[in-house]
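S.K.: Counting from 1, position 159 in the sequence shown corresponds to residue 159 in my numbering; the numbering is continuous, with no gaps.
BS3-like mimics (lysine-lysine), calculated; alpha carbons at most 25 angstroms apart, straight line: (1) K8 x K108; (2) K108 x K16; (3) K177 x K160; (4) K8 x K160; (5) K177 x K8; (6) K170 x K160; (7) K173 x K160; (8) K16 x K160.
Cβ-Cβ distance ranges computed for the label pairs, FRET-style: (9) T149 x H32: 38 to 44 angstroms; (10) E9 x T61: 38 to 44 angstroms; (11) V112 x D6: 20 to 26 angstroms; (12) T127 x A178: 39 to 45 angstroms; (13) S148 x A29: 39 to 45 angstroms; (14) G118 x R164: 35 to 41 angstroms; (15) E111 x H25: 20 to 26 angstroms; (16) G65 x L90: 24 to 30 angstroms.
Source of the hints: derived by calculation from the structure; they are not laboratory data. Backbone N, C-alpha and C define an ideal beta-carbon position, used for all residues, glycine too.
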Amino acid sequence: MSPPTDLKEVVDSEIKEWHFHIYFHQRNADEHHAALELRDAVLRLRRDGAFVAVPLFRVNTDPIGPHPVGSYEIWCPSESFVSVYSYLCLNRGDLSILVHPLTREERKDHEVRNAWIGPSFPLDLSTLPIGTDEVPLQYPSLRLGYSSTTPQLTLDERRKLGARVEHILKGEKEAAKAPSE
1 MSPPTDLKEV VDSEIKEWHF HIYFHQRNAD EHHAALELRD AVLRLRRDGA
51 FVAVPLFRVN TDPIGPHPVG SYEIWCPSES FVSVYSYLCL NRGDLSILVH
101 PLTREERKDH EVRNAWIGPS FPLDLSTLPI GTDEVPLQYP SLRLGYSSTT
151 PQLTLDERRK LGARVEHILK GEKEAAKAPS E
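My request is simple: use the sequences and hints to build the entire structure.
M.R.: Next comes the structure, spelled out in structure tokens:
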């Protein structure tokens, strides 16, 4: 099956919220310490306005759910995804980080829509539901992610932006050209 190219379908299915799961071997004091230092750094940077990222209050010192080692979760809205991803890539040290979207299909999010920063770990997907009717809202009081009230670009504005980008890239010999319908 070919990936969708219908503009409305693609825009309507955009992922608005993400989880980062920071993993550490629970019996490795150095990794546990590094994970907690990274968590505290994320909290300080959130406080200072670098990005919006919400670590869950709980740090799991044992496997929980699908996660096979010690871990904690950081929720991130799409509005801050690039900043948080960049920060974690540059500052994770030797820790592994599972990144996955939050959609109505939790098992798929962890199994096939995931990415890893660092080495991957096998997950126990049997603990996850296949799907739900509810959009997975977290922290709706922030009005970010799926709860955002910020107006988005219209489809027409997006088409104009795309045409402008294509026009500019005509002069760039290294840039691939979009297919002409």
